[in-house]
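What follows is the residue order along each chain.
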Amino acid sequence: MKKILFTLALVVSFAGISQEKLPAVSLETIDGDSTTIQNAAEKSDITIVSLWATWCVPCIKELDAISDVYSDWQEETGVSLIAVSVDDSRTVKRVKPLINGKGWDYEILLDTNNDLKRALGAATVPLTVLIKDNKIVYRHSGYSPGAEDELYEYVKKYSKK
Amino acid sequence: MKKLLLTAALICTIFSSFAQEGGYFFGGFESNAQWLLDDDGINFVAPEDNLRANNYFQLNYSLGKFTAGIQYEAYLPDALLGYSPVYENGNGIGTYYLNYKADKLDVTGGYFYEQFGSGLALRSWEDRQLGINNSIRGARVKYAINEYSDFTALYGQQRIGFEVSEATIQGLDANVDLSTAFGIEAVDLRFGASYVNRYQNQGTQTFLPSNVSIAGARLDFVAGSVYGGLEVDTKSKDALFFEGELVSEKLYDGTAMQVNLGYAQKGLGINGTFRRLENFNFYADRQAAGNQFNDQVVNYIPALSKTQDYLLTNLYVYNAQPGLVIEQAEQRAGEVGAQVDVFYTIKKGSTLGGKYGTKIAANFSYWGGLDAEYNVENRFYEAKFIGSGSRFYRDFNFEIKKKWTPKFSSVGTYQNVYIDKAISQGGFVGTQGEIQAQIAVIEGTYKLKNSQSIRGVVQHLWTEQDRENWMAAVVEYNFSSRFSMYVYDNWNYRELGYDGEESQIHYYSVGGSYTEGRTRLSMNYGRQRGGLICVGGVCRVVPESNGLSASLNISF
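The listed protein sequences correspond, in order, to chains L and H.
For the first sequence, the positions run 1 to 161 when the UniProt record's numbering is used.
For the second sequence, the positions run 1 to 556 when the UniProt record's numbering is used.
The shape of chain L in the complex, shown without the other chains:
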């Protein structure tokens, strides 16, 4: 019991001091080149990073829902979305046909051995984070219909700054 309490105390104390810096983790592009999440996020002023997988139903629902309005979002705020697949080698071969079959316009990165997932402490997918100036300014895990509207409120809020 003491150990558990101690751990909890630690957790609480760390939650207070943690910085929302992006972890430096290598990822692969869909063509097999090596990159980092920083490099990918640098391309636009504000970036949505969505951790997803081909087997994750809510993830696909979220990305489908955003896909419907993505061009409007880009026009209005200049936001871009990077969809980081956490599929391991069992399902990673489905990523390319799936994104094409769906007609998504996102930049796709692969986190095959879940290094980024671990670094972000994501127990489950989807995990959606908003990145501005190399820092995480908003994060949300799970998806329920309509959550994309809330996400967009944050995108608008931070794109003005």
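Treat the hints as calculated values from the structure; they're not laboratory data.
Here the structure is a predicted model, which is why all the values come from computation and not from measurement.
Just so you know, even glycine gets a beta-carbon here, dropped at the ideal spot from N, CA and C.
Among these hints, one or two may not hold up.
Taking lysine to any residue pairs in the SDA-like style, the calculated list, with each CA pair at most 25 Å apart, reads [to be verified]: (1) H:Lys347 <-> H:Leu268; (2) L:Lys21 <-> H:Glu516; (3) H:Lys101 <-> L:Glu42.
To spell it out: a stretch of chain L is covered by chain H in this simulated footprint if at least three of its residues, at any positions, have a beta carbon under 8 Å from a beta carbon of chain H; those stretches are [said to hold, decoys possible]: (4) 66-80; (5) 120-128; (6) 143-157.
Given chain L's structure and the hints, the job is docking chain H onto it.
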């Protein structure tokens, strides 16, 4: 208690001062707990330790090019039901590491996770739901020689619970981007090669090989909309164990081959994978071969079939069968088969596409045993490359997603599946017959105001074997994007007049989850249907149970 808080505050202060000098902390805390309750309805008697929890606390600190981390794990008062006994009552430091990462060089000491190619030769990873953590304790060096080639070298012992394997693992992996190296522009061509060796002492049994290795090569290409790859691996001769017992003094080698071919353009994607495995288990301890907890697995052999998401499509799932068994009761030498996926979007504005387009996905997979002849007395076998081995699994499924209005969307799924009964439920493969089932699922989601929504799913499974027919329904209400609740029921109602009403079993569950930024809490109460729980094609057997579960996750 006071001491406790004081220590925590002290540590916090020390770390805060670290944090201000450019470094930063990250990590998380996860706790999965269950409180098991007796349930006559499913003949479940709660074990004496009826309160169980798996807890993980992970802390990392990054400063410049260095990152260090530690993971504390506590399976107290006991590990969750169905987890490997290596975690029983355990608590302590599970993993730790120190990493230096520069432009070209990446060095890790301590415990690390690694994967070579598709993992057929080596993969160390963590999956808390499955109770897998086969990270390797030792040293790893990754080096990018130039812009088109890199290699990885590693040495260490594999983690088993809170200990490490007696055997050591050595590995080498190299990748070359041939297109860049030779200035080829029409095709993107990549080559990779892996070598993994296990050194394990023979003890007194001198016929046992102390070194067993896997060597493999792979080639991947992308040419416009077409892409594909080929991987072949061979495993050197190793002794054969069956349920922990040495079968004979004979040694057996193994092979693996995987071919992938796909086509992708906007609106259409097709992918096909063929794989053949012959005696291709690889464990850190030769004696651990085939253990049901996935303890000490060195390589990654997932089932290549569609990952199912619904309650009833999850009932009959495939588990890969790479192993060699030459017993009176059971003979098999591996598996061979293929799967094909098709994704297609019917364009917006067309008759079938409607206003929003219609999304279609289909998957077919077939897996069978190798066509082989066995001589059980002499423990000898000979397998053909492809032949007419017995069927292990065959699955066809079709899914159609449609958004009807801005508020309403639906998904329809049909699945037709055959599975060897022993693969689904344990026992000797090929001796207990097959289960054939059809499953239909209809799901609808309706969006209300202010991020509120309601989702309903109805499902039916038809089969004349096993436990016969099932029905299931789910209702989920999302009060906001943060808070949602669900209730579901799997009803194994069987055919009327078969076993009478008493055999009608409901597996119900009610629960909810709350998410706020970096914290997620979920709770549920209900019956757990026994069987295989699979994550990423690797499965764990869970017994039937009843109880209250809670899960807390905080990341920072």
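Non-conforming hints, listed in increasing numerical order: 4
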